[in-house]
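Asks: Sequence:
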Amino acid sequence: MYIAGLDLGISSTQTLETLVVFSVVDFFRYLRTTFKTLAVYAESKGGRVKPERMPARAQVVNTIQAIVIHVPPLIYAGAVLLNKFRQPEWMVPYTLPDDIAGIRLDPVMKGVLRLGACAAGLALRCAFDCALRHLGEQWHFIGRREHPRVVHTGPYAWVRHPLYTVTLVQVALWSVMFWSYIPLIALGTTIAVFAVKIPMEEDLIEQDEGIRQEYRDYKKKVPARIIPHIW
Numbered sequence: 620m621y622i623a624g625l626d627l628g629i630s631s632t633q634t635l636e637t638l639v640v641f642s643v644v645d646f647f648r649y650l651r652t653t654f655k656t657l658a659v660y661a662e663s664k665g666g667r668v669k670p671e672r673m674p675a676r677a678q679v680v681n682t683i684q685a686i687v688i689h690v691p692p693l694i695y696a697g698a699v700l701l702n703k704f705r706q707p708e709w710m711v712p713y714t715l716p717d718d719i720a721g722i723r724l725d726p727v728m729k730g731v732l733r734l735g736a737c738a739a740g741l742a743l744r745c746a747f748d749c750a751l752r753h754l755g756e757q758w759h760f761i762g763r764r765e766h767p768r769v770v771h772t773g774p775y776a777w778v779r780h781p782l783y784t785v786t787l788v789q790v791a792l793w794s795v796m797f798w799s800y801i802p803l804i805a806l807g808t809t810i811a812v813f814a815v816k817i818p819m820e821e822d823l824i825e826q827d828e829g830i831r832q833e834y835r836d837y838k839k840k841v842p843a844r845i846i847p848h849i850w
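The sequence shown begins at 620 in our numbering and counts up one residue at a time.
Check each hint, because a few of them may be wrong.
[What the hints assert, rightly or not] Subject to a maximum C-alpha distance of 25 Å in a straight line, what follows is the list of computed DSS-like cross-link-like pairs (lysine-lysine):
(1) Lys669 / Lys703
(2) Lys840 / Lys729
(3) Lys655 / Lys669
[Stated by the list, open to error] Computed beta-carbon distance windows for the label pairs:
(4) Arg768 / Leu700: 37 to 45 Å
(5) Arg768 / Ile804: 34 to 42 Å
(6) Ala739 / Arg676: 51 to 59 Å
(7) Asp827 / Arg676: 15 to 23 Å
(8) Leu700 / Glu765: 37 to 45 Å
(9) Pro707 / His771: 44 to 52 Å
(10) Gly735 / Pro842: 31 to 39 Å
Honestly, the hints are just simulated from the structure, not real lab data.
Just so you know, even glycine gets a beta-carbon here, dropped at the ideal spot from N, CA and C.
Sequences are here, hints too, so could you generate the full structure?
Replies: Written as structure tokens, this is what we have:
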């Protein structure tokens, strides 16, 4: 690759992989920073998460969720980094096809799509931040705060679990960023996890007598869990 007439000794493919790896690393930096700050704020305003006996399956689904969301991108970033910003040979069998919907994609077009997915991932943080702003002190992985309230503003006026909506979109974008089938498998697994986890979360909320009826009314007003008019 040449910049200002200087040969930097790296190919355009390596440059693309560098950007993808940077996007992954920055994504996890963003999550860590955001959740660390939010955890302090949520506890100071909403109180601690109530100590409740959670069913064993809650811990199982939380663990599976963490694995399918974190492991594929981290493995990809680590493998590409160790291979000098080239995809290793073992990834080749899992790459997406060059023909999609009858359209033959050349390397340039694939590169554009992958960069577009990286940019979309950055833009997606705006939606994530918006949901977190409205959720505020009620944020938690699974559980009830000491001072609970029903959140029904912003994206919560459209779906009951917008953070999960953003998560699914991000996992789908990884498939394009990595140009791989693996994130699609993670996407299917994540959908299955949410299908199990959401009823448990909502049942836990409805156990609180102070907001039980308000939340039931909210569920009637906003029937969509993750995708409007679909799910």
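Asks: Work down the list of hints and note, for each, if the structure agrees.
Replies: Here's how the hints hold up against the structure:
1. Lys669 / Lys703: violated (47 Å)
2. Lys840 / Lys729: violated (42 Å)
3. Lys655 / Lys669: The hint holds at about 19 Å.
4. Arg768 / Leu700: 37 to 45 Å: holds (43 Å)
5. Arg768 / Ile804: 34 to 42 Å: holds (37 Å)
6. Ala739 / Arg676: 51 to 59 Å: violated (33 Å)
7. Asp827 / Arg676: 15 to 23 Å: Cβ of Asp827 to Cβ of Arg676: about 20 Å, so the range 15 to 23 Å holds.
8. Leu700 / Glu765: 37 to 45 Å: For Leu700 and Glu765 the Cβ distance comes to about 43 Å; the hint holds.
9. Pro707 / His771: 44 to 52 Å: holds (47 Å)
10. Gly735 / Pro842: 31 to 39 Å: Once the Cβ atoms are compared, 33 Å apart, the range 31 to 39 Å for Pro842 and Gly735 holds.
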